[in-house]
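Protein chains: 2
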Amino acid sequence: MRFSNRIMAMQSSPIRRLIPYADEAKAKGKKVYHLNIGQPDIKTPPSFLQAIKDFAQEVIAYSTSQGSNELRDAMRRYYEGYDIHFERDHILVTNGGSEAIMFAVMATCDPGEEILIPEPFYANYNAFSKCVNVNIVPITTKAEEGFHLPPSEKIEAVITPKTRCILISNPGNPTGTIYTADEMRMLADLAKKHDLYIIADEVYREFVYDGLKYTSFGNLSDVEDRVIIIDSVSKRYSACGARIGCVASKNEELMKQILKLCQGRLCVPTLEQVGATALYNTPVSYLEEVNKEYQSRRDTLYKALQSMPGVVCEQPKGAFYVVVKMPVDDAEKFVIWMLQNFDINGETMMAAPAEGFYATPGLGKNEARLAYVLKNEDLVKAMDILKAALKAYPGRVEPVSAQ
Amino acid sequence: MRFSNRIMAMQSSPIRRLIPYADEAKAKGKKVYHLNIGQPDIKTPPSFLQAIKDFAQEVIAYSTSQGSNELRDAMRRYYEGYDIHFERDHILVTNGGSEAIMFAVMATCDPGEEILIPEPFYANYNAFSKCVNVNIVPITTKAEEGFHLPPSEKIEAVITPKTRCILISNPGNPTGTIYTADEMRMLADLAKKHDLYIIADEVYREFVYDGLKYTSFGNLSDVEDRVIIIDSVSKRYSACGARIGCVASKNEELMKQILKLCQGRLCVPTLEQVGATALYNTPVSYLEEVNKEYQSRRDTLYKALQSMPGVVCEQPKGAFYVVVKMPVDDAEKFVIWMLQNFDINGETMMAAPAEGFYATPGLGKNEARLAYVLKNEDLVKAMDILKAALKAYPGRVEPVSAQ
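Quick note, the sequences are listed as chains A and B, same order.
Each residue of the first sequence is one higher than the one before, counting from 0 in numbering that gives the first Met the number 0.
Each residue of the second sequence is one higher than the one before, counting from 0 in numbering that gives the first Met the number 0.
Any given hint could be a false lead.
Which copy is meant is left open, because identical chains are indistinguishable; a pair holds if it fits in one copy or across any two.
Dumping the calculated BS3-like pairs for lysine-lysine here, alpha-carbon to alpha-carbon at most 25 angstroms [said to hold, decoys possible]:
#	residue 1	residue 2
1	Lys255	Lys332
2	Lys42	Lys161
3	Lys212	Lys141
4	Lys192	Lys27
It should be emphasised that the hints constitute simulated quantities derived from the structure, not laboratory data.
Computed from a prediction, not measured in an experiment: that's the story for all the values here.
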């Protein structure tokens, strides 16, 4: 039987599709350090489970489609801490950041229309776009430039009458890049000039290092009617499995439109909202501690990467990822080769090949994303394995070709 | 700023959009019996919360995109009890039946293609179709005929080269109708003849009364490659707020395609899956007790409706809904009038106007859906209110016009 063209156009997750090779390695008794997926080892604040354990209603009933008032108010207070002033109805609770992006795309784009996204980008942006027939137009950024944006003219050159939105992840997944105030301003000005929405995926908002000042698109008041914030508890509170996020905007008419999508799927799980409300009431000191821990991991990772001949990467400044260019013929082959053929004392590591994070064919073939979601001593071991594997890999190529 | 055409084409939920009138009535101190929404008052089996309370992991981590093996195996065993023999990978866990339907539609239909659905139908089918640019083509059924299907020729007359699926809810929401074995056969034969998928929304599978034999589309082996089962714990275990459902099919290639959609949104909440696994292990006696309770409520409701002059409805045989034709000018006006102007001793009731359950313009204007989700003594009071309100309503029309 025939399937839809839209689903045939979708790829399997580049992050998840190599997992069978890791499973095979484990079946042979090898330990695998997973730097391929953004699943942190940080403990979820116990208040999450405690709030759920305290839930005393005998019927697990529907919540409202908007999300519970308690959770939306807790989110509202959280944003106040970032000088972003939302009303309750500016916020709609979603099934993770994933659903929030999906809703933002559906509310703003019709089939055949276009979203600009700096590449490399979070691979699932492909999934959310293709399944609703929206086309991604990439703005290419480079490892050598720390994945910062090209000048305005270069972005303007790819804007067409079909362009509806700019979607950015800041701090960047998979790049770890923090956009400068100038880059933010440039995007805001382009959005105004070409009447575009800005979908701002800021789920890593707390993960900014070296005392850098972080600016949210929620802070740029001259574009507040065109900014759509995407958020999630997944990384912030190490609660990836809670699947609680939100879509937020001061454009009230837009939020009324998105509410129709929320009503269609009825509501987000009742208990997860109870737990997430507790998470948003977690003391800021928790987030500060987590930030310190990740900055230390970032240092461990970056130091190790600098010691690897032929590896190109700028120091990542945020999130908990970095995209590295490696002296290999093909990063996917290399990752599979490591899982199948390489170990140190029975231990190996896994990275995510980066080709799936690019929309431009051929880009990212010798790049991989590393997630520093493991504790320092594990990261040290994983980096030792990577360094030795790069030396031993039969498909090693010198020098790294400039792309 | 402009919104997408697809979202502008969507309606607010006809079930949820009148809620402000109910809130207003409550603010005036009135009690409102809610027969407008399928939120049962039945207790969720305590095993749900208990399993979650026993969850001992310190990190609330992602689950797999497919859903946990434990839950899929529990679902598999549940289907065995209905003589439906799935493998684990025939089942993908979803965010409620809602996401399951959305995924089934996206995997089978491209923009501009068509789904046949008997009307009146669950209003959110509109939401799931319109937001992905798929058109619903209604097969009209009538209150006077107990909402049973028209003959095959009538259905065949609306099949076009763009038709991709038949979507049916059985037991029926909002009609309470159970399709006969002959009707099932007719749909299966049409699906084979015209190479269509059958999306079988069977979330009310246990809600079949009068000892009627229920046949699932999962039992028709000659169409097993084209049947997609939609399921949910919401009604079965009175766990609407858990938002756990599944999409299941023996068409393995189709399931591989749908898995790409599952990967895009990463996973369904980890804790809700733990709870739902416990629900699927609930003894069958629970479901039998619930069935008895609903059959008794059905009897209460139907008996009361028969005593109301000018009201047309056949005895509903399943689910916990009925669509009634009423001697009123406009059911929505009538529902609002009841909330604003009518009560007995400070108590009033709320129904869902049925026009939003039809795709054909003008149909259902004098109909409403009643959900018998309240205990018998409350139903008796709600029906007394409805009966008296129909007599007192200034917009009463006699006789009911045949549509």
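To see whether the hints hold, each was checked on the structure:
{"no.": "1", "hint": "Lys255 to Lys332", "in the structure": "between (47 angstroms within a copy, 23 angstroms between copies)"}
{"no.": "2", "hint": "Lys42 to Lys161", "in the structure": "neither (44 angstroms within a copy, 51 angstroms between copies)"}
{"no.": "3", "hint": "Lys212 to Lys141", "in the structure": "within (23 angstroms within a copy, 64 angstroms between copies)"}
{"no.": "4", "hint": "Lys192 to Lys27", "in the structure": "neither (57 angstroms within a copy, 50 angstroms between copies)"}
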